[in-house]
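Numbering (this note's numbering), first residue to last: 1 to 79.
The hints are simulated quantities; they were obtained by calculation from the structure and are not laboratory data.
This one's a predicted model, so the numbers in the text were calculated from it and none came from an experiment.
Just so you know, not all the hints are guaranteed correct.
[Said to hold, decoys possible] Across the chosen pairs, the derived CB separations fall in these ranges: (1) K34 to L76: 17 to 27 Å; (2) H74 to K34: 17 to 27 Å; (3) Q19 to H74: 21 to 31 Å; (4) Y46 to M9: 33 to 43 Å; (5) S75 to A28: 15 to 25 Å; (6) G63 to D12: 11 to 21 Å; (7) R39 to S75: 29 to 39 Å; (8) M72 to L4: 31 to 41 Å; (9) A47 to E25: 15 to 25 Å; (10) G69 to E20: 14 to 24 Å; (11) S38 to R64: 32 to 42 Å; (12) G54 to L11: 34 to 44 Å; (13) R60 to D31: 18 to 28 Å; (14) L8 to E70: 11 to 21 Å.
Even glycine gets a Cβ: it sits at the ideal position worked out from N, Cα and C.
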Amino acid sequence: MSSLLHGLMILDMFSRDRQEISIGEMAAELDLHKSSASRLAATFAYAGYLQPTGRQVSYRLGGRIAGLGELMRHSLDLV
Numbered sequence: 001m002s003s004l005l006h007g008l009m010i011l012d013m014f015s016r017d018r019q020e021i022s023i024g025e026m027a028a029e030l031d032l033h034k035s036s037a038s039r040l041a042a043t044f045a046y047a048g049y050l051q052p053t054g055r056q057v058s059y060r061l062g063g064r065i066a067g068l069g070e071l072m073r074h075s076l077d078l079v
């Protein structure tokens, strides 16, 4: 699988009930080595899509995701 697809799968792991995800969890769910999951998370963090939590190598969604959500919200005809 491509790195981009793995990265998108990491983003899909987040939910209302799961707002922080550790590198170990990412690696286990994607069947990757921890170093690969760490590189993916670091790349997404550098780009603003993930944000380190400061605790035990875990991440939360970053501000770029909110920006994309805002763009999407404006493109929908919601009443």
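#### Entry: Indices of hints not satisfied (ascending)
Structure breaks hints 1, 2, 4, 5, 8, 11, 12.
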